[in-house]
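K.L.:
These protein sequences, in sequence, are chains H and E. According to this note's numbering, the first sequence is numbered sequentially starting from 1. According to this note's numbering, the second sequence is numbered sequentially starting from 1001.
Keep in mind the hints are simulated off the structure, nothing from the lab. A quick note: this is a predicted structure, and the numbers were derived from the prediction, not measured. Errors might be hidden in some of the hints.
As the list claims (entries may be wrong) - Far from chain E, some chain H residues (derived; all Cβ distances over 12 Å): (1) Cys21; (2) Ala36; (3) Asp59; (4) Leu109; (5) Ala145; (6) Leu168; (7) Gly181; (8) Tyr227.
What the hints assert, rightly or not - Output of the computed footprint for chain H on chain E, the stretches with three or more beta carbons under 8 Å from beta carbons of chain H: (9) 1044-1058; (10) 1085-1092; (11) 1095-1105.
Stated by the list, open to error - Beta-carbon label-pair distances, calculated as ranges: (12) H:Leu149 <-> E:Gly1113: 42 to 48 Å; (13) E:Leu1131 <-> H:Ile188: 30 to 36 Å; (14) H:Val173 <-> E:Glu1007: 40 to 46 Å; (15) H:Val134 <-> E:Ser1136: 54 to 60 Å; (16) H:Ser103 <-> E:Lys1137: 30 to 36 Å.
Beta carbons: idealized from backbone N, C-alpha and C, even for Gly.
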Amino acid sequence: MIAHIAWREFRNLFLSPLAWCVLAVVQFLLAFIFLAQLENFQLVQSRLLAMEGAPGVTDLVATPVLTSATTLLLLVVPLLTMRMFAEERRSGTLRLLISAPVSLYQVVLGKYLGLVGLLLVMVGMLLLMPLSLVLGTSLDWGKLAAAALGLTLMISAFAAAGLFMSTLTVQPVVAAVSSFGLLLLLWIIDWAGAINQQFSEVFSYLSLLRHYESMVQGVFSSADLAYYLLFIVAFLGLAVRRLDAERLQR
Amino acid sequence: MVLVSVEQLYRNYGEHRAVVDLSFELRRGEVLGLLGPNGAGKSSTMSILSGNLAPSSGRVTIAGFDILDQPNEAKARIGYLPEVPPVHTDLTVDEYLDYAAGLHRVPRRARRGAREAAKSRCGLSDSGRRLIGNLSKGYRQRVGIAQAIIHNPPVVILDEPTVGLDPIQVREIRALIGELGKEHSVILSTHILPEVLATCTHVKIIHHGRLVFSEDIAHLDDRLRDTAFVVDAGPAADADAFAAIAGVLTVDTLGPGRFRIHHAANASPAPEVAQLAVARGWPLNELSPERRTLEQVFVDLTTADVGAP
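In isolation and in its complexed conformation, chain E is listed as follows:
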């Protein structure tokens, strides 16, 4: 079931184009990680999805409801955590969550249950009577997340949910996101690349408002699969001999007898390289595939066109 559908979304701030021709779909049970450098348009996209910002053109539907034509129906199905958690510092956690529950149409009788459930999911069970203003940044972030899930929305949008949290809290929040991903659709933005691998089923990289990379985690592995390996065959080894092997694209010399051999994806000539080394009597000290990391992909995609509009 498609819960979020975005079609040809554009958003301009005057001359500046924050979001350019963005289209994607998200189904139940999917966790989408939005990556991008600062100012790439992640937060703008999330503001548009949550109805906080009107798109310049394009269409957003949440569970079949257009965010512009039927805003209240669409918004009732979204839980949104903005970059700055929208918490009232002079309320207690309980007061605030009750207020948020009421705003999200949780019936009066169900509010207590909804509040307690959200609190226990976010690790706030002992903090109900504390004033939000006295909480640390990590705890405020948790209150913000609790606010976003209190009405059990099908779509949860989290803008940098783990910012300001300590490593233990980060793990807890990641576990929570994984749990949410089972029954809801989750969209989260982050700078932290391992977080995406740990929690998401889909990855999208946005750069200058455009979608430059889009893959699900299962296929991401293929995308990242080795297209090079490093071989160390002793000082006698000869680069030209390796280059002559079928399937080898280029050979970089890294040091005496140490080379990086590039090849086409899914067609590794490693066995032939090993055979060659053995046949020539070179000591094969190292033969290690090099994996591209998501970080490399990210850096390649977001630095390739510096200076582009």
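Chain H with its partners taken away, still in its complex shape:
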């Protein structure tokens, strides 16, 4: 049942021009960044050869591209999630799901997985760019894999938060703006630590960015993985609760 909803959602995303547009724009912008980084790398390449333990092409080209991708997707993912429930509620199709013999967690999980499917397509297309470097040089596969996993987890977390925000409102645009606000807050929340040392531990732990930074450097820690999974489960759980409460009080 989850797969049925997920597959429909995945295909629905591609029925609207939004998904195509997002894929194209993201690809174009990151291709530009990729080429700029590559150009840069070629400029400094001769000097790097002389250095001991110099950063390689993975560090100087692949990782920056994926890091830029997270920043860009912070803006883009709310646009993809905004319609998930808000639009269904507005057009009345949410009643189809509620009236069907399907649990709410199946509805939420199905829709989420459909969206994650689209995000995986996006990550796959982005990875093609660094992978094209294999034609001319060798990559640090471990680092690239860790960065790709970090990116995937990060945007999956964005999607979960965006999905929850979409359950709160009827207006897709309100959902987009509020999920963007929430994500940006979680992104920069470790700045608070810089001001007050006492809370720095807590805030930097909560920050989405901190957990990503270590992965990009090739450090795969199960604590970071757990952070993202908890983040996703928490927001999906909230979404289920929110939809359930709707039945009770309106």
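Given chain H, work out where chain E should sit, using these hints.
P.N.:
Here is chain E on its own, set in the frame of chain H:
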């Protein structure tokens, strides 16, 4: 077999009481028409029956499954068409119906057959590849009905199924409801009173969330039976003479020689009135029983207590 059982259903929106102490049962083969003015609680009742809205108190069981305790078992036995058909405008009719069939646990192999059957019942056989967004309102309504019956549920709940349809479509949908009523239980809400007489076996009128009238169509006729007739016996006729006849309750004068004579139900003194007219030599120009229509009943019941909470 009782398919729908509603016991002492209440639903409050804050201070406003949308449904008050509603109880009824529906058996297989019965078609229940819910009537009521706008805001009477029809749609709330239907949302509760379909599991879209939780009741404040009370119990709803569908084919023996409690809608709150075993929601999925109960919902699997319901087909529901909300006021706004829940159709995805960017899908084709076929894609949408396949999706709905899957949601309602129709096995993958049976989906094609279920979809074609629902389409032919709703007159959509030629529209399978059309985009729902390009369909007219009547056709969207048909898609909504097809969605509600695609899994062949024992209970079909239709909220204003004929809104926005042209007269020919209305007839087709009524015929479909009649057909559904043979093997399923159907609950439908409507403003259109003739529709109830044409399609339903039972009528319930809801007003301010309360059940104010409940009758099956067979007995409805008795309820509506004449309790008055109009007599025109020429200018010489005398109201007092008619009033003196046994069984006559009151006589209203409508014009010279024209009266409305009220009497108790099932005890018409029409023969005595005719005899009297003949005995006195009045020309009996008219003697016609007045039937109360469902519309009158509806208007009487829903306007009697304007201002009540």
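K.L.:
Against the earlier hints, flag every one the structure doesn't satisfy and list their numbers going up.
P.N.:
13
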